[in-house]
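Please construct the entire structure, taking both the sequences and the accompanying hints into account.
Protein chains in written order, with this note's numbering: chain A, 1 to 146; chain B, 1 to 782.
Keep in mind the hints are simulated off the structure, nothing from the lab.
Mixed in with the good hints, there may be bad ones.
As the list claims (entries may be wrong) - Here are the simulated SDA-like pairs of lysine to any residue, each with C-alpha atoms no more than 25 Å apart in a straight line:
hint, chain 1, residue 1, chain 2, residue 2
1, B, 495, A, 7
2, B, 311, B, 330
3, B, 495, B, 206
4, B, 495, A, 22
5, B, 495, B, 517
6, B, 495, A, 38
7, B, 495, A, 3
8, B, 316, B, 262
9, B, 495, A, 62
10, B, 312, B, 206
11, B, 495, A, 135
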Amino acid sequence: MNELLLIVAIAGERVALPAAAVESVVELETLTPVPRAPQHVAGLSALRSRVLTVIDCMRSLELGDTDCSDGIREAAVIELDGHHYALIVDQVEDVVEALSEPVAVRAAMEPGWERVAQGMVETEQGPLLLIDVTALIAGPDVRAAA
Amino acid sequence: MDDLIADFVAECREMLEALGGEIVAWEAQPDDRARLDSIFRFVHTVKGNCGFFEFPRLEALSHAAEDALADVRAGRRHADGSLVSAVLAVIDRIGEMVAAIEAGEEMPAGDDSALIASLEPGAEGPAAVPAAVTNMEGASKASAAPRTIRLSVELLDRVMSTVSDMVLARNELARRLRESASDVPVDGAFERLSSIIAEMRDAITRTRMQRIENLFVGLPRMVRDLSAELGKQVLVDIEGGDVELDREMIEMIRDPLTHIIRNAVDHGIELPADRLKLGKREIGVLAVSARQSGNQILIGIHDDGRGIDGKKLVEKAVASGAVAKDDAAQLSHREQLALIFEAGLSTAKQVTSISGRGVGMDVVRSNIERIGGIVEVDSRLGEGTRMTLRVPLTLTIIPALTVSIAGHHFAIPRSAIEEIVRANGESVTLENLGGAGVATIRGRRVPAVSLASILGIASDVEEQDRTLVVLRPAGGDVYALSVDRIHDHEELVVKPAAPAIMATSLYAGTTLADDGSPILLMDPAGIAEVGGIKLETLERAARIAEAPAAPVSKETPVLLFRGLDGGRRALRLAVVDRIEVVDASAVKEAAGQLRVQVGDTILPLAGASAVDIGDEKVRLFRLNDGAQEMGYAFAEVIDFAAIEHEIIHAERPGEVSGVSLVNDQPAELIDAHWLFANHVGSAAQAGEPLVCRLPEDDPWMQNMLRPIVEAAGYRVVGGDDTTAADLVIVSRDAEVTTGESSRTIRLRPEPEAAGKKDESIYRYDRAGLLMALKSASGGKGR
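This is the structure we're talking about:
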C-alpha cells in the first residue's frame, strides 16, 4: 500500500506532508510567545492538556512571517522525539495516496524549500513536493550550524 | 482459591519489600523490639497461610525462622550476626518461592534442611510458640502495610490526560456560566464540581510521582550483603528520601545508582585493617542523599574510601589509546577523573565478582544521559569519592511563583527564591552602575537584572515600580530579578520544552497553568548566565577544582612588623585574625598581666609591658588559635613576606622561637604557640569553678547580673550560703562582712563615680564588669 500524504498550503504553495507523521489537524486559538527562542518558533499553545510548540513554517522556510494577528490558524500537529509541535500552514486541503517514491527535483529550488524537501512525489493531483517535517521543525539556524 | 493465592502472594511481596531495611536495622540494634516484631510478624503470616494452602516447604522454613525469632523475643537467645544472616537467607528463600508461586510454576524442588539447620545453633529447648502466636495475631492485622495494585504507566497517562481535559472543559463551562445570567443553585453546583475536579487532578498527578525512598529502601540491605561478602564494614547514611520523582525516572536511575554503590563499596572503601592503618575509622561511611535543586534532582553518593587516582587513570587511558599522550599531560584533575566514564577503563587491580570488569561507568553515564541527566565525579586520593547524579525533574511537581512582564506570564521555581521585595520599598534601592543594575536590599548589595531586558520585551512599568525577586540558583550566588508583577503560587507539572526552546538556556520547561494556557518555567541559573551575572560561587568552585593541580608552595607566609621596642619581628599570617586599634586606656594591668579591652571582650595582651604603652592609640594584632583569642601589640606593619630561608631556632622556648632572614634582613619569629600557652592557657583552665556571692534579695543582681557572672565561669551562691566565695558583688553602699579573703566588686547605680576614692563600677558598664570578673578569676589562677 502506498503512503498517504496530507496536502497543505504553505506560503501559497501546495506541498505534501507524510500523513503518518501528522497526529491531527487543529485550529490554534491562543499563542504564548517564547522570548529569545529561535525565529521560527512562533510560541506555545495548549492542546488537550499538552503543550504544543508552534512552528511558523513561513519563517522556517525563510519566506517571511505568517500573520497570526487574526487569531485562528490551522496547524498540523506532529510528534517528534516526545515533543509535540504544531506547524502553522495556510490551509489543510486533502489526503491523497502517493503514486511514486519521492524523486529528486532537478531544477533549482529556493534555498528554504531546498532544505526541507525530501523530493517530488506523483499523486492523482499532479506532482507535489514532499516535506521533511524534521527539517521544517529544526528551522534555518540549527540547519545552518550543522 | 486462585484469588486467595494471589492475595497471599501480594501480601508477601509487600511485606518482603518493607522488610529489607528492617532486618539490617535490626542487625545493628538486636534489642530493637519493634524491628524484631515486624520480622516475626512476616514469618508468622507466611507460616499461617502456608498451612492453609499446603506449601510444605514454605511452611517448614517459616516455622523454623519463627521458632528462632520467638526465642529471641522471649529473651532466651541473643540475636547475633549468624542468626541474622540465617534469617535473611530464609527470607530470601521465601521470596524466591513466592515468586515461583506468582508465576504459576510448580514449587521448585529443593532441600531447605541446611537453611533450617543454620538457624539452630544457640537455640535451647522447645519454644513457647503458641503463646507468642496468639499475642501477635491482632497486631499483625492492625499494622499491615497498605495494599497496592500494579498499574501500567500508560493507563495512568491516559487517566491523567482525561482529567486534564476535564479541567479544560470545566474552564470552558466556567466562561459560559459567567456570560449567561447567573443562577445561584447552578453556580453552587458548579463550584462543587470544580473543587472535586481540582482534587482529582491533584491525586492523579501524584500517582505518577513516587518518593525516592522507594529506590533507597533496598540500599542498606544491598550494602550489607556486599560488605559482608568483601569483609568490609560499611555504614549507610541515607538522606532526602522524601524527594519526589517521576516513577519512570526512578526506574531509570535504579541500575546506575546500584552500580555506583557497588563500585563505592568494592573499590572505594578499604578493608577495616587498612582503614585503621590509614588512621580512619574502621567502619566506612557511604552517604546517599537526594535533594531537589531548581529544575533538577541531585542524588549524591559519597564514600570516605581511598578515592580515585587520576594519574593511574591517565596512564591506563594512554595505554589503551583512549587519550593521546600529549593531551594526557594537559588534563585537569577533573578531566582526569572524568576518564572513568570512558569505556574499558578500570583502576581496580583485580576483577571481582562485584565490579571491575571494565564495563560499568560508561554504561552508567550513557543511561543517565539518556534521561537528560549528568553524572559528575569528584574525588580526592585517600579521602573519598563523591558521585553526583543530576537528573531533570520532568513531570515532577514543583511549586512555582508566576510573574508577568507586559502581559507575558512566566513561572519561577520557588525553591530558588529567597525573598521578594518591592523595588521602591523602604530598605531597597536600585542603582545603575555603568549600565549594570545593583540592588541594595537592607544593606546587602546584589546584582540585579531585569527580566524584561533579558527577554527583550518592552515593559511599560517604571523600573521603580517593579518587584524584585531575589534568587539563589543551585550552587550559585544571589541576584535580583526585576519583574512587572507577581501573581500567584502554583504547583506545576513541568515537562521539558522542545529542544529549540531549551537551547535558549533560559527555560527549564513548560507547563500548563490552571486556566489551561501554557507557561514557561524559567531557569534561574540560565537567566543569570544570559543576564551576565557573575556567580562567585561558580567561579570559586571552578578554582577549587583546579587548585590541587598547582604546586603547593613550601613558603610560609608571614606578617613582618616592628614591635613596640623597635624589634623586627614576624608572625605567621594564619594566626592573625585582624588588626585592631584601641585607646591606650583600654589596656590595663589586671590580675598579673596586661589585658586589653576590644569592644565587649577582654583579651590577654602580649608584645608590650605597661611602660611601653603610651598615652596614644595602641595597635595590636588579634590572634586566634581557633578557640581562643589574644592581642599582640606592635608599632607598625612592615610588609607581608614569606620565610624562604632556614630558621635558626632559639635555645630556650620563649616568645621568640627563632631567627630567619625575611626580605634579606633578620627577623625574630614569634612563637604563637608559646604566646597562647603562657597568656591564655592558664586562664582558660577553669578547674574548680570560682564562687561568686550575690545578694539574694536584690532582684536586679539575680536577674540581670547573674547570667553575666555565670557566663564568666563563676558558680553563684546566695548571701546566706556559707561557702567561701572568691568574689563578692554588692551594691556600693552595702555592708560587707569582713573576714572573707575574697575580692569585692561594688556596683553603683549612677554612671558617674562619687569621688576619687570611689572604686565602684557603674552597673551597666558591661566591659568594666567583665574586666573585673576576669581579673578576679585570673588572681585565683596564679
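Outcome of the hint check:
Between residue 495 of chain B and residue 7 of chain A, the direct Cα distance comes to roughly 31 Å. Violation of the 25 Å bound is thereby established for this hinted pair. Restraint check: the Cα-Cα separation between residue 311 of chain B and residue 330 of chain B comes to about 12 Å, which is no more than 25 Å; the hinted pair holds. With a C-alpha separation of about 15 Å, the suggested pair residue 495 of chain B and residue 206 of chain B falls inside the 25 Å cut-off, and the hint holds. At roughly 22 Å between alpha-carbon atoms, residue 495 of chain B and residue 22 of chain A fall within 25 Å of each other, so this suggested pair holds.
Simply put, residue 495 of chain B and residue 517 of chain B have alpha-carbon atoms about 14 Å apart, close enough for the 25 Å limit, and the pair holds. With a C-alpha separation of about 19 Å, the suggested pairing of residue 495 of chain B with residue 38 of chain A holds against the 25 Å cut-off. For the given pair, residue 495 of chain B sits about 33 Å from residue 3 of chain A by alpha-carbon distance, which is inconsistent with the 25 Å threshold. A hinted pair counts as satisfied when its Cα atoms are at most 25 Å apart, and residue 316 of chain B with residue 262 of chain B qualifies at roughly 22 Å.
Distance check on the hinted pair: residue 495 of chain B and residue 62 of chain A sit about 29 Å apart at the alpha-carbon level, beyond 25 Å; violated. With a C-alpha separation of about 47 Å, the suggested pair residue 312 of chain B and residue 206 of chain B falls outside the 25 Å cut-off, and the hint is violated. At roughly 23 Å between alpha-carbon atoms, residue 495 of chain B and residue 135 of chain A fall within 25 Å of each other, so this suggested pair holds.
Going down the numbered hints, you'll see the structure goes against 1, 7, 9, 10, while the others check out.
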